[in-house]
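Number of protein chains: 2
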Amino acid sequence: MSRRVLQGVLSSARLWGKGRQNAVGLVAVPSQRLTSSLTAPLSCTFITSHAWHNSHPTPAPSPTHHNAAGIRTADAGKEMLEITFADGNSSFFPYCWLRDNCQCPQCFDSDALCRKLTLEDWQHNDCPRSVQVEEGGRHVEVQWVSGHRSCYEAQWLQQHAFTPSARDSQRSFLAIKKELWSTEMELPRMDYNGVMHGDKELLDFLVTLEKKGVVVLTDAPREPEAVLTIINSIGYVKPTHYGTNYPIRSKASASSLAYTDQRLGMHNDLPYFQYVPGIIFLHCITQFEGKGGENDLADGFHVADYLKQFHPTEYRILTDTPVYFWDKGVAQVKQETTEYHKIVNIPIIVEDRLSGDVVRVNNSQLRNSYLDLPPEQVTPWYAALRLFNQTVDQQSIRNKLNSGEMLVMDNTRLMHGRTGYDSALGERHMNQAYLDWDGALSRRRVLQEKLGVTLE
Amino acid sequence: MSRRVLQGVLSSARLWGKGRQNAVGLVAVPSQRLTSSLTAPLSCTFITSHAWHNSHPTPAPSPTHHNAAGIRTADAGKEMLEITFADGNSSFFPYCWLRDNCQCPQCFDSDALCRKLTLEDWQHNDCPRSVQVEEGGRHVEVQWVSGHRSCYEAQWLQQHAFTPSARDSQRSFLAIKKELWSTEMELPRMDYNGVMHGDKELLDFLVTLEKKGVVVLTDAPREPEAVLTIINSIGYVKPTHYGTNYPIRSKASASSLAYTDQRLGMHNDLPYFQYVPGIIFLHCITQFEGKGGENDLADGFHVADYLKQFHPTEYRILTDTPVYFWDKGVAQVKQETTEYHKIVNIPIIVEDRLSGDVVRVNNSQLRNSYLDLPPEQVTPWYAALRLFNQTVDQQSIRNKLNSGEMLVMDNTRLMHGRTGYDSALGERHMNQAYLDWDGALSRRRVLQEKLGVTLE
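Here the protein sequences line up with chains P and G, keeping their order. Going by UniProt numbering, the first sequence opens with residue 1, and the numbers climb by one from there. Going by UniProt numbering, the second sequence opens with residue 1, and the numbers climb by one from there.
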């Protein structure tokens, strides 16, 4: 069993603790402006749910906090409450949103951090019988026509306001703005052991990876377990039919071109997964000492952005044309599954339907010959794909990993390739594993809250 | 290392085997119709790549096969080759597609089942110097202006044709058509041991799950390992911060409402994952014997379809409005990770950008209070969500699992809930784990090919 903690909820939870049981009758005040100076301090009364535990310490009221998060006025309109905060900013709060997000123990489980209330439990047209600003602006109390009573803390309302700044703040906690790059990019490099053992270093690594899509970790232990150790410190290893982790070295009769010494064109890994592995950890255990075996890297999101700007027709063709990617085979070594046949039909450049943002880029020799298009659309699509690949090549950087280094890449975004080498002249041994972004983003947010770091 | 096998490639591969080394000069025939009756039998000559292994047995020519898959004529046009097959059907094949999909050992690795050719290796405007229908229609040979020579087998061309039927066939291999359902649905039930030990039964289970989104497996062993055993026989268990598998039973101070005896509203699991778990295996180890503890089930895709048809305004609001789902907590038991903070911003009904098909439905008490909307859009959104939930309830079926039964659900599609029960009166113990669709679909395709089953 886990106990969940959220700062906003905690603050609000104070309102529902013991010692606040003095009921005070409220007067109906439709559309009436109430200021903290007009109302007497008032506490809220609720049925204390059996599931409610007043286990969170109640901080002493702080005048600073009070001023920063205070409510100056609360205006009850027809469908919304307009709240003006002490800092002069104001926001409308729709009644149905307020009712749905009542933080009382009957409506919200502060252990599970989960709404207990379902939509059936309240009327869509419920509205306030009265609204009171309490404790000199510390919170606002709503007495609903239906009989329910809700208290909302000033700080919680400010955090959840429908203002551009509050909305931006949550958006940047969801995802950090990506920094697109081209040939001038200097590959970010960090120490593996620092990242493994320092919260600040791990946060820095995860933020850089989210922004740039690539980081090189230096001085990792030269053993296959190193990729698993770091992934397990962040989230879960994502297994595929190639195993939880797998060596990349030259072999005869290889199941993948990766297992040869041939040049690999610019690609991302396993694009034939609906849930493409989010992050690649490619660990160079032994680098080939002769010529070749370098990695080319390009920012697929930058390439998409470039095409959108300078070649809008080709960009549109690449976003509007789904392509079959596939992988099929029979395993012959321990870490692989016995048989697999994976297919997706997805464009080279994938846009989010609502925002239009590029959210995934796919490119691989593992395009299937099947193409679900009218034949007259095929030649223009090839021309666009050719332009995409030329741009990827032109905008790429080249790096040869040292033995012990680990190349970490956003596989939804990065295109990577390898120059050929002659395996007759020496060994080249990489080990690889995957982690999904769900785990990495979760860890980044946990560390941000732990270290109190706000990011744009 | 794995060796990959594909029927279409195998057939084509015969053309590149030993004993077919007799070079024959070809004549330029732009835009000229060539019929099998006009050409002498001809074999193809190629540089035999060191990576090429003639390890596939060459079947003896079959007159039936010849007739069914034969090429009657090949017309070379400006940008495409028009091929008419022996069955009277014809298709255009764009030259760039033909060149990109040359199956010769220089262009294609039949071990890796992967294109070796990159776009840099050929010219976009390459076109045939000559086209010859060979071996009485068994294959067609293209001599390119650039000097390269390609052979395409009739059957391979027919399979990969740009005709509606060939395109439909590949589309249905990718994904089986879903059968939407409402209250009249009879829950599909299959024997756990049959599915575990029979290829046909496993295929039947996977196909039914893909079509209906739900199957009950009966007579599973009443032990927690049962969910892992069946998932591992299909693909990989998907771990989450709740562990690889986890018990669902009533507890004090629960981290999730699931861990109480309270009613659970209709929801899907973990909608706050970008990569939401695809399939839920919910195993009833011990059912509560008193009143309650039943599961309500509804087809979210049917509900979306219903709203689209009868309430298009609300449907559009639900597809166009992203909502924050979240889960945050600190683990206190072994199978959970230490801390997590997962968030996505995603609509209740998710449409594919290109097809407009509904591909995912999300609903949960774990909607965050944050809502990234202008306040005037909030009330209409709540009205639409209310309609969605009412429709889910109205269109649902109720089922109480017996001890030993396993409820398997498509978590991208199904909404499920639980009626409350009184945990003071007895035990209720479920065990749960997840599998992604990437693994399940792969297994279905492998079994289809193994058993020779074609599905619509």
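Don't read these hints as lab results, they were simulated from the structure. All C-beta atoms in this analysis are idealised placements derived from N, C-alpha and C, irrespective of residue type, glycine included. Check before you lean on any hint, since a few could be wrong.
What the hints assert, rightly or not - Pairs of lysine to any residue, SDA-like flavour, derived with a Cα cap of 25 Å:
hint, chain 1, residue 1, chain 2, residue 2
1, G, LYS400, G, TYR324
2, P, LYS450, G, TYR324
3, P, LYS450, G, THR338
To be verified - Covered stretches of chain P (chain G as the covering partner; in silico rule of three or more C-beta atoms under 8 Å from a C-beta of chain G):
hint, region
4, 135–144
5, 273–279
Given coverage of the region 135–144 of chain P by chain G, checked by CB-CB distance under 8 Å (3 or more): n = 0 at 8 Å, threshold three: violated.
Given hint TYR324 (chain G) paired with LYS400 (chain G) - CA-CA distance at most 25 Å: 32 Å, violated
Given hint THR338 (chain G) paired with LYS450 (chain P) - CA-CA distance at most 25 Å: Distance of about 13 Å is within 25 Å: holds.
Assertion that chain G covers the region 273–279 of chain P - criterion: three or more residues, beta-carbon distance below 8 Å: That given contact holds, which follows from 4 residues of the region 273–279 of chain P lying within Cβ reach (below 8 Å) of chain G.
Proposed proximity, TYR324 (chain G) with LYS450 (chain P) (alpha carbon, max 25 Å): Holds: LYS450 (chain P) and TYR324 (chain G) sit about 22 Å apart, inside 25 Å.
The structure shown violates the earlier hints numbered 1, 4.
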